[in-house]
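**Q** First to last, the protein sequences are chains X and A.
Those letters in the first sequence? Residues 1 to 314, per our numbering, in order.
Those letters in the second sequence? Residues 1001 to 1312, per our numbering, in order.
For the record, the hints were derived by calculation from the structure and aren't laboratory data.
Glycine residues also receive a C-beta, built at the ideal position from the N, C-alpha and C atoms.
There may be inaccurate statements among the hints.
Stated by the list, open to error - Some chain A residues well away from chain X (every beta-carbon gap over 12 angstroms; in silico):
| # | residue |
| --- | --- |
| 1 | LEU1115 |
| 2 | GLY1120 |
| 3 | VAL1130 |
| 4 | ARG1144 |
| 5 | ASN1174 |
| 6 | ILE1300 |
What the hints assert, rightly or not - Capping the alpha-carbon separation at 27 angstroms, the derived lysine-lysine pairs in DSS-like fashion look like this:
| # | chain 1 | residue 1 | chain 2 | residue 2 |
| --- | --- | --- | --- | --- |
| 7 | X | LYS86 | A | LYS1254 |
| 8 | A | LYS1254 | X | LYS273 |
| 9 | X | LYS112 | A | LYS1095 |
| 10 | X | LYS245 | X | LYS86 |
| 11 | X | LYS154 | A | LYS1149 |
| 12 | A | LYS1149 | A | LYS1110 |
| 13 | X | LYS154 | A | LYS1110 |
| 14 | A | LYS1126 | X | LYS129 |
| 15 | A | LYS1095 | X | LYS129 |
| 16 | X | LYS112 | A | LYS1084 |
| 17 | X | LYS273 | X | LYS4 |
| 18 | A | LYS1002 | A | LYS1254 |
| 19 | A | LYS1002 | X | LYS112 |
Chain by chain, the residues run as shown.
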Amino acid sequence: MGTKPVLVVHGGAWAIPDEFAERSILGVKNAVKNGFAVLEMGGSSMKAVEIAVRALEDDTVFDAGHGAVLNADGYVELDAIIMNGKTLAAGAVSCIRNISNPVTFACSVLEKTPYVMLTGTGSNQFAEKLGIPQVPVEELVTDHAKAEWEQYRKYKQTVKSLFNTELVHDTVGAVAIDCEGNMACATSTGGITNKMVGRVGDTPVIGSGGYADNLVGAVSATGHGESIMKVTLARLILFHMEQGKTPEEAADSALHYMEKRVHGRGGVIVVSKTGEWTARFTTKRMAWAGIKEGVLMYGLNPGETIQEILKPSK
Amino acid sequence: MKPVVVVHGGAGRIFKDREEGARSGVTRAALKGYSILKQGGNALDAVEEAVTSMEDDPHFNAGCGSVLNEKGEVEMDAIIMDGKNLASGAVSAVKCIANPIKLARLVMEKTEHMLLTDHGANLFAKAMGVPEIPGEKLITERSRERWSKNLEPDSNPHEFKKDPGTVGAVAIDNEGNVACATSTGGLTNKLVGRVGDSACIGSGGYADNHVGAISTTGHGESMMKVVLARLILYHMEQGMSPVDAADTALNYMKTRVGGLGGVIVVSNSGGWAARFSTKQMSWATVKDDQLQYGIYTGEIHTSSVAEALESK
């Protein structure tokens, strides 16, 4: 008998303003349904997380792909990672420009190179070699991202103060386990508004922005990137699970440690090798959604879980 | 706390004609790091100084002497981490500067970020007044030779993996603070923009006053897949000694993902280890005014610091 597949997605951990709340919830619900359709047909967890994250990248309400925030030069630089829990193979990209779907590019790094990570100019050169269409930056930038960038430049807010007031758009991600018990994770972001040119956060750094291992589980993280890196958050959570903690206990333990030790906040989605899963966060809100055994669960505010029974597909 | 410094000059295949240069380079770096600690200096300064010494030494695949990417240019990665508050700075794919480890430290101390890449890293270097040097100054005859040999159609790609990459250092100072630093030119003939473990926190290095500090070397992609530095510290958190933790993790990396490498470790109680699953790794350590160093498994030379300094 096969494993019951699970897919969980998040659309960023931060003080999501009410004006974005509804679209964020719709966005994560849409993404999780798209991704789960792959699993339902017996597809792989790798494909499922890629499809789910692509949907989130294409959705301008999230800070990834379309809708990404701007760096100090007013440009869009994107980071992403995808990881295969069976082989521990991973693909990652940092500071790639002018493409729609960094998560798919990260997949290409995994499948078409002997490497784990490509960056900057080199990554764009490889994208060109693969025939990935170049997208003009204007197409990736929303009015909102531009307005926010202008506001931050005006008041010269630092990254820390940005985060303390939790006015930061954020990252998207997904974790999954398929019917063969294979696990995967994927994370994608445009980073922090007005970040220094070339700033790379946790997202593409293996063990920080995400990690997947069939022997334990899969994690995708979001929140204050620098803090997530300092504690290698994704790997830390799996370590707790190796010690016997449930996904929820492991997530809470690690997030609490991150807050205490390095004063950073964030959120994570986790799935274990037995199909248990959780979505936890220490920020004001995190948009998340998960599907397992015909039930869709989603939430935004702390402690909130809304359930929907899904109609069985033909 | 008795201060300790451990350095490595890369795990992999070291040709016989390069052995002397490697031994000499790591001992010089270790002595430099130790002199800072002996005078009451901190672990961060010690590891930076040790790695700078090896970046400047054309024998090693870091700074000058770095291998070349497929286009024949030098692109470097480096990381430094402070075990006290888990602060860290790193750069990836940076070009035309002599000391990436110094730039990584500036990222840590002068920005609110942890990793700068590519063009952005070079912009930051300029803003910090770090002198830009012509790329050719970092290229040695040897690295150019290897690069052109690997371009030949019948060259064996697996041979690339065997060559030593990366330099690094770990230290604990007399206040018990630990730090790590790692720097590399990467893989010879790598794709432009390929980033390995050395820029990735938890993979190329990690430092935490609660446990210890690590710097790694070897097959970068394998170390990233198992987040090697952080894995070793987990084992130590569970009670393993630095040697057991290192051996367990290196063995796991070999069996799970088929990768070989080497690590240097210092624990927060002053224990240390230099272990490798490759045939060779140049390493050196100074503790209690005693210098130890080696290249092959089981090879350990010992001398007093005084003797070593005299012979230099």
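**Q** None of the hints should be skipped; say for each whether it holds.
**A** Structure-based check of all given hints:
no., hint, in the structure
1, LEU1115, "violated, 4 angstroms"
2, GLY1120, "violated, 1 angstroms"
3, VAL1130, "holds, 14 angstroms"
4, ARG1144, "holds, 20 angstroms"
5, ASN1174, "holds, 24 angstroms"
6, ILE1300, "holds, 32 angstroms"
7, X:LYS86 to A:LYS1254, "holds, 16 angstroms"
8, A:LYS1254 to X:LYS273, "holds, 23 angstroms"
9, X:LYS112 to A:LYS1095, "holds, 25 angstroms"
10, X:LYS245 to X:LYS86, "holds, 21 angstroms"
11, X:LYS154 to A:LYS1149, "violated, 53 angstroms"
12, A:LYS1149 to A:LYS1110, "violated, 41 angstroms"
13, X:LYS154 to A:LYS1110, "holds, 21 angstroms"
14, A:LYS1126 to X:LYS129, "violated, 31 angstroms"
15, A:LYS1095 to X:LYS129, "holds, 23 angstroms"
16, X:LYS112 to A:LYS1084, "violated, 40 angstroms"
17, X:LYS273 to X:LYS4, "holds, 11 angstroms"
18, A:LYS1002 to A:LYS1254, "violated, 34 angstroms"
19, A:LYS1002 to X:LYS112, "violated, 49 angstroms"
When held up to the earlier numbered hints, the structure conflicts with 1, 2, 11, 12, 14, 16, 18, 19 and fits the remainder.
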